[in-house]
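Protein chains: 2
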Amino acid sequence: MSEPTAAREPRRGREARRSARAKAASLSIPYIRRNIPLTEVLSAEGLEIIERNADTLLQEVGIEFRDFPRALDLFRAAGCDVQGVRVRFPRGLARALCATAPSRYVQHARNPERNVVIGGDATVFAPNYGSPFVHDLDRGRRYGTIEDFQNFVRLAYMSPFIHHSGGTLCEPVDLPVNKRHLEMVYAHVKYSDKPFMGSVTKPERAEDSVRICELLFGAAFVRDNTVLTSLINANSPLVWDSTMLGAAEVYARANQACIITPFILSGAMSPVTVAGTLTQVLAEVMAGTAFCQLVRPGAPVVFGTFVSTISMQSGAPTFGTPEASLAIFGAAQLARRMNMPFRTGGSLCASKIPDAQAAYESAQTLLPTVLAGTNFVLHAAGWMEGGLTASYEKFALDFDQLGAMHVLAKGVDLSDNGQGMEAFRQVEPGGHFLGCPHTQANFETAFYRSNVADNNSVEQWQEEGAKDAATRANALWKGMLADYEAPSLDPAKDEAIRAFIEERKASMPDATY
Amino acid sequence: MSEPTAAREPRRGREARRSARAKAASLSIPYIRRNIPLTEVLSAEGLEIIERNADTLLQEVGIEFRDFPRALDLFRAAGCDVQGVRVRFPRGLARALCATAPSRYVQHARNPERNVVIGGDATVFAPNYGSPFVHDLDRGRRYGTIEDFQNFVRLAYMSPFIHHSGGTLCEPVDLPVNKRHLEMVYAHVKYSDKPFMGSVTKPERAEDSVRICELLFGAAFVRDNTVLTSLINANSPLVWDSTMLGAAEVYARANQACIITPFILSGAMSPVTVAGTLTQVLAEVMAGTAFCQLVRPGAPVVFGTFVSTISMQSGAPTFGTPEASLAIFGAAQLARRMNMPFRTGGSLCASKIPDAQAAYESAQTLLPTVLAGTNFVLHAAGWMEGGLTASYEKFALDFDQLGAMHVLAKGVDLSDNGQGMEAFRQVEPGGHFLGCPHTQANFETAFYRSNVADNNSVEQWQEEGAKDAATRANALWKGMLADYEAPSLDPAKDEAIRAFIEERKASMPDATY
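Line order of the protein sequences matches chains Z and X.
At position 180 of the first sequence the residue is numbered 180 (the UniProt record's numbering), and the sequence of numbers has no breaks.
At position 295 of the second sequence the residue is numbered 295 (the UniProt record's numbering), and the sequence of numbers has no breaks.
Don't take each hint at face value.
Listed next, the stretches of chain X that the computed footprint assigns to chain Z, with coverage defined by at least 3 CB atoms under 8 Å from CB atoms of chain Z [claimed, not checked]:
(1) 233-247
(2) 272-282
(3) 325-334
(4) 412-419
(5) 467-480
Treat the hints as calculated values from the structure; they're not laboratory data.
Even for Gly, the Cβ is constructed at its ideal location relative to N, Cα and C.
My request is simple: use the sequences and hints to build the entire structure.
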């Protein structure tokens, strides 16, 4: 709760900074519109080879749809060869079945100013997803709780550079497995007004997610609009299982969006090469998307790709590797040729702490992700330890990197002011541009201002405690949480949602861990 | 000195690792051949605007060539309008004068296997340049010495991913200013067999650098071939001074290469916008290149660009910023339209220590540098604290990043083996690729292997001391120095060079600091 302050009274120090930060959160950019050309690594010929191979894979090896007879019926009716749980696609059929998926869609937020476009030249950043552990410099590594989850929702809400509240920001391990999803979805509704993701761990949990949205947005609105974008991972290689298919079915039927994502550690769950892995990605995405389109033609689907590599010595997952970058660029190209929105990348790393390894690997994932033209970027902030841990400090560090990406994606300003020719008429050779009118006129917006980087002299830095970036990030996230104010939520809706949640909980066994 | 070992005797542990590292150094890749498309941020229209503005700048404002009447004479004779030290170029003249600069050249090393191509699709990595301070985790920050300098030459020699020994790896502050350059050039000759840079701090020091090369390569060889690529910085904005012009003149006359580099902190030394800064870069490069071509048509020149931004609050230089990335991409495009080799970027950062800030900023510089198609990358490893400090740990961390760039630049392997279709015939849906014949056949070379990243479980990482990346890098550079063996140098040449150096030193005043 914040006390009202006199509107024109000058505020100083901590209060002023708090006000500035709260203002920054309210000025959040809804999403990036990319204004720079795409970086691509595959030629048209290379893309055709991979597409041909994916068709061969779908035709000769096929995809297994396990423990979900309805999927087999749909594919059989669509003209596939179904043997047991194995579905083989005549050449071209999978791609043809995907043609009804829209090339872009709007995901609505409860605050319409936070609506995001998924597809086209839009890039949407969403935070870390799925970590059982959390980490901060004060308390170290521990299991995540619903309090951590709520904190991460608050942090994502506070960052002007995160456009989407995400989904399972961390696993709230202190809550029973069967009831967890209700409190996670509620936290997104209550503590943020940005768009969010639904539960996928059981079809009935997906139903609960849709139901909460109906209470929040109104049932008619949900019927006609996409208010959830949820994560449906393949069980690579070449398997879709009943959990994911069941959730995807719920969302597709409700006209809600699914990110159909092969989750691949190349060399373990796909061939040990980039081209082989991309072939499998394309085959798995086409099969999963075809399923959604058979359930409901036109249901929004995102072409998802999570590819990283493994250490060939230990089998451990590795991140920020050059092969992963090539896969990011290549998969984005394949998605564009499917005319589908694309999800990949993030700020991924294997490091156990927010050190130089974490930063090198995260930057080597994030920049390719943005340059590739990725539309939906999950894990854009907070990811650590190969996704096992959500780090408070890494959230703050990554927010800053995401801010920089906003500026990069804008490209070069070629307006008269951007060309800056007047500055050359104001400054003589050997002179200094700092004080000239052109610089003064652009002072406020000239350069992206990092809140993480320390650019002071070494003497000043030492005077201030010789803190490393992680230590500074520790103060940043604490400041954000201290300044947090929840966006207002209609009390009647809040009450209705809480009543639904309590009713659902009461209908479930006490606790399943 | 290493003892001879029986050739086929199996060697284990430390000795085996040392042998593997020494082998890695000898297997050094001479340079990168880029096999991926370029990332570009400016449209043809944008490039034309900047080129037109640069011509306007050269015509209306002009460039000052200070304290160097010979340059004024050359420009006057070439058709420029010379008033005092100010040279104004009729539209198109500067570009026309640059046309004799070669689009690529070979810089020879004393070991011909280390020769590098500068230009075209080649990318050459050279280490940090010009830092007065050095830093390591054991001794902290201190002035550089010739011992540090020699150590950095050794480290660059040992890394298979550094192609060029560079120049002033750090300032050997323990040596008199007037004699320093001789020991620096000697260290490159003695402790490495990779190509290197000459001194530029006075014309006679450039002469000394050429003379040492004549003793090393033979005078006739040096006359006909490029054996030095040296760094000529503009005194931005729009000034070339006598020190740099004098050194450039020496090198151009000797047919040695100059990197003509505007060194710009945007907002202080150029307009506060990317397009304005690129306009100035182009004007300064064209003027400097034109000077070299007037001295000797056909002398190799590299289109150099060092652009970063400043903090608008403090005026401090900032690195790894999105505006710097845009300048890197844009300047590379301008250089290609000049048909000249291009130098920019590196692994730049403002951080005082090798922490997450250092890594984020370095990666956000290095990856754009590589994707932009940069031909010569100075400061590719070791740079810290805005260039004030050369860091031992950062050297080791950056080497690893450079290794990854080699793999990225290769692009996607589309050979039959790369397509990996046989793997899909070896592994069933739901299976595992780790053990399959295709994976086994590609085991050794499948993925880039970082020697910095820790990908182990958190438990194993804790057991091994919970070291951060910088601490691991500390062990890496020490191991490299411990394993270092100097490449053999013809004793007669060594003696002749030493004799020349001692003679030169004897002719100089005792010590000027």
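key: Hint check, failures only   = none
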